[in-house]
Amino acid sequence: MFDYSTMLRNEKLPHIWCPGCGHGIVMKSLLRAIAKTGWGKDDIVMVSGIGCASRLPGYVDFNTLHTAHGRALSFATGVKLSQPKFHVIVVSGDGDALAIGGNHFIHACRRNIDLTLIVFNNGIYGMTGGQYSPTTPYGDKAATAPHGNLEPDFNVADLAKGAGATFVARGSSYHVPQLDDYIYKALTHKGFSVVDVVEACWTTHGRKQKTKYKNNLDMMKWQRDNAVPLAKAQTMSPEELKGKFVTGILHDVDRPEYVDRYEALIESLKGGDK
Amino acid sequence: MSEAKYTFVQGNTACAEGALYAGCDFFGGYPITPSTEVAEHMSDMLPRRGGKFIQMEDEIASLGAVIGAALAGSKAMTATSGPGFSLMQELIGYACIAEVPCVIVDVMRGGPSTGLPTSPAQSDLLQAKWGTHGDHPAIALIPNSVEEMFTETVRAFNIAEYFRTPVIILGDEIIGHMREKIRIPAPGELEVINRKLPDGDGVCRLPYRADGKNPACLPNFGKGRFHVTGLNHDGSGFPTMDPSIVQGSNARIIDKVYHQRELIDKVEKIQCDDAEILFLAVGSAARAAEEAVAVLRSQGVRAGLFRPVTLWPFPKKEFRAAAERSKFVVVPEMNLGQLRTVAERMIDESKHPIVPVNLVNGEPLDPEFILDSIKKCCLK
Ligand code: SF4
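If you're matching them up, the sequences are chains A and B in order.
Just so we're aligned, residue 28 is where the first sequence starts under our numbering, counting upward by one.
Just so we're aligned, residue 11 is where the second sequence starts under our numbering, counting upward by one.
I should point out that these hints are in silico values taken from the structure, not numbers from a laboratory.
Hints may contain errors.
What the hints assert, rightly or not - Facing chain A, from chain B, some residues (calculated, C-beta under 8 Å):
| # | residue |
| --- | --- |
| 1 | ARG58 |
| 2 | ILE64 |
| 3 | ALA75 |
| 4 | GLU100 |
| 5 | TYR104 |
| 6 | GLY232 |
| 7 | ARG235 |
| 8 | HIS237 |
| 9 | GLY240 |
| 10 | ASP252 |
| 11 | ILE255 |
| 12 | CYS388 |
To be verified - Below, a list of computed lysine-lysine pairs in the DSBU-like style, where the Cα atoms sit at most 35 Å apart:
| # | chain 1 | residue 1 | chain 2 | residue 2 |
| --- | --- | --- | --- | --- |
| 13 | B | LYS326 | B | LYS139 |
| 14 | A | LYS68 | B | LYS266 |
| 15 | A | LYS212 | B | LYS233 |
| 16 | A | LYS55 | A | LYS188 |
| 17 | A | LYS68 | B | LYS223 |
| 18 | A | LYS63 | A | LYS237 |
| 19 | B | LYS206 | A | LYS39 |
| 20 | B | LYS279 | B | LYS233 |
Said to hold, decoys possible - Sample of chain B residues lacking proximity to chain A, with all beta carbon distances greater than 10 Å (derived):
| # | residue |
| --- | --- |
| 21 | THR17 |
| 22 | GLN20 |
| 23 | LYS206 |
| 24 | GLY210 |
| 25 | LYS223 |
| 26 | GLY245 |
| 27 | PRO253 |
| 28 | LEU273 |
| 29 | VAL305 |
| 30 | THR351 |
| 31 | GLY372 |
| 32 | LYS386 |
Here the structure is a predicted model, which means the values were calculated and not measured.
We treat Cβ as the ideally placed atom computed from N, Cα and C, and that holds for glycine.
With the sequences and hints as input, model every part of the structure.
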């Protein structure tokens with residue numbers, strides 16, 4: 028059995044998350060993946076914004092930085108560029124990463140700076156009580172969409188890839204062994220890596236979708252039944268894929284990394300004016 | 011390299027040079043007129059010295075990167091102007107509560123909104139103090155010459171590092187773009203203060219527990235795996251809602267600044283001792299006021315200038331003392347009365363009537379305008 032206690036600030040537990048929340052599952056997956064890298068705890072900086080998922084850094088025994096809503100990636104960029112020796116991991120909810128933090132998200136992708144972003148994507152603003160987010164499914168009810176959400180949702184992976192991220196994977200809180208693998212590969216990838224983790228918030232989202240889910244177990248079953256591995260998805264038509272989500276390592280390319288480029292610039296300027 | 015040198019540069023360049031002198035090794039910024047030359051100079055100089063420059067996607071991200079870098083151990087700075095300064099307000103509050111040293115340069119321009127991007131103004135005097143939500147310490151320095159853009163930037167870093175708090179430099183379009191000859195002191199000539207690091211192994215378990223009246227030391231990331239948050243927190247840095255702790259820590263981040271003013275306070279007084287007409291002015295408006303004082307003195311009028319170089323915290327005691335003998339307190343400024351509202355709270359207007367002189371048309375405030383404005387009311 029994996030010993031989580033060596034990586035947790037045990038005295039800070041229990042965590043604030045609701046029973047049945049996906050965040051704990053993803054946190055454990057993240058810790059297992061980190062353990063597999065063999066990185067020292069002093070060499071890891073974990074950064075978050077604001078929201079339920081963003082409380083995670085308070086529970087883990089690394090250098091931890093709980094920033095302002097949406098801004099985690101900008102703080103992380105400063106940490107990484109200042110001290111490239113750190114492994115910088117950003118944890119963020121969908122509202123945090125993609126709405127208020129959307130600008131930082133696309134530019135971190137474009138820069139291809141060596142950070143790993145885990146998006147705890149439950150399609151809702153949990154902490155503020157269930158308002159619709161950029162990944163709330165069209166038509167779902169939310170505290171600010173009592174008549175159903177009128178906005179289409181982001182495809183996080185397509186957005187990341189389009190903006191220039193060099194590693195993009197999608198998993199779910201149901202498919203845990205796969206998630207461990209995706210996160211491990213994201214962590215060890217050189218460049219900006221994004222793992223979009225489809226998970227569930229029963230407390231503020233599931234409960235309101237009376238026709239979809241009876242309980243939070245139904246939300247897990249939804250993940251089980253609607254995840255389509257990439258290889259299979261490639262054989263399916265867009266109609267067949269409707270309402271489902273594609274999982275796997277969706278994008279993995281090599282491109283010069285930002286901090287490396289900066290270090291090379293410093294090196295090239297040594298020895299006076301050029 | 012070890013000698014002082016003279017150079018002829020614009021204020022924004024002097025500011026960047028001051029930052030480098032103070033050991034700044036990280037700059038995050040976003041282009042905005044009239045501050046951009048600070049970023050341009052840093053983008054050239056920092057990589058030559060092994061430092062880091064990054065142009066972020068907006069001003070919020072710029073200050074975010076600066077705070078992240080500061081926590082990783084850098085001496086970090088950003089520079090902006092009016093609209094960008096407005097965007098930075100949220101994270102200025104973050105740096106205050108999380109006690110992260112950093113320097114924010116605001117080269118003021120006309121406002122509100124996009125206003126007059128290329129024209130001078132003193133539009134952010136109050137925003138520098140009250141811009142971010144919540145009670146917080148505010149330190150703002152306001153140079154009135156190119157040389158002071160250099161020396162005040164060094165001082166801004168010293169104060170930021172010592173107190174673990176953001177320090178704001180209020181330049182303006184005139185000071186930022188004007189060229190003057192300045193003396194760049196030899197290395198070691200000006201004091202450079204670095205943040206207090208924990209002794210020994212560099213670990214500090216209570217990075218938010220003050221050491222007497224001094225701020226606690228700030229370990230660099232990598233030492234002791236501490237936690238930083240914008241939530242109210244206890245001495246260890248972890249969130250708390252315990253009323254007795256929150257009350258104390260909210261007061262402490264302000265008290266640490268207001269109870270230790272030696273490093274912060276700085277005022278220039280020109281012929282204040284017997285002044286019947288006392289000018290209260292800052293930044294480029296003070297240059298014009300200084301000239302107005304000279305003209306008035308040549309006419310036998312006892313005029314003087316009280317110029318806060320540190321605007322926030324405001325030098326209340328000294329100002330009151332300087333105003334004691336005055337018949338009028340004239341406040342020339344390139345806004346509609348921001349400094350005046352400060353003066354109103356400090357002195358008894360029935361004894362020392364306050365005479366506002368305000369210009370917000372994008373033109374520089376000049377001595378003639380000041381003298382014209384006060385002719386009727388103050389000069390018989
Ligand atoms: S509100 Fe939702 S996201 Fe937040 S802890 Fe509860 S279940 Fe998780």
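Hints and how they fare:
no.	hint	in the structure
1	ARG58	5 Å, holds
2	ILE64	6 Å, holds
3	ALA75	4 Å, holds
4	GLU100	6 Å, holds
5	TYR104	5 Å, holds
6	GLY232	5 Å, holds
7	ARG235	5 Å, holds
8	HIS237	5 Å, holds
9	GLY240	6 Å, holds
10	ASP252	15 Å, violated
11	ILE255	16 Å, violated
12	CYS388	48 Å, violated
13	LYS326(B) with LYS139(B)	15 Å, holds
14	LYS68(A) with LYS266(B)	32 Å, holds
15	LYS212(A) with LYS233(B)	27 Å, holds
16	LYS55(A) with LYS188(A)	26 Å, holds
17	LYS68(A) with LYS223(B)	33 Å, holds
18	LYS63(A) with LYS237(A)	41 Å, violated
19	LYS206(B) with LYS39(A)	28 Å, holds
20	LYS279(B) with LYS233(B)	45 Å, violated
21	THR17	17 Å, holds
22	GLN20	21 Å, holds
23	LYS206	19 Å, holds
24	GLY210	16 Å, holds
25	LYS223	27 Å, holds
26	GLY245	15 Å, holds
27	PRO253	19 Å, holds
28	LEU273	25 Å, holds
29	VAL305	47 Å, holds
30	THR351	29 Å, holds
31	GLY372	31 Å, holds
32	LYS386	50 Å, holds
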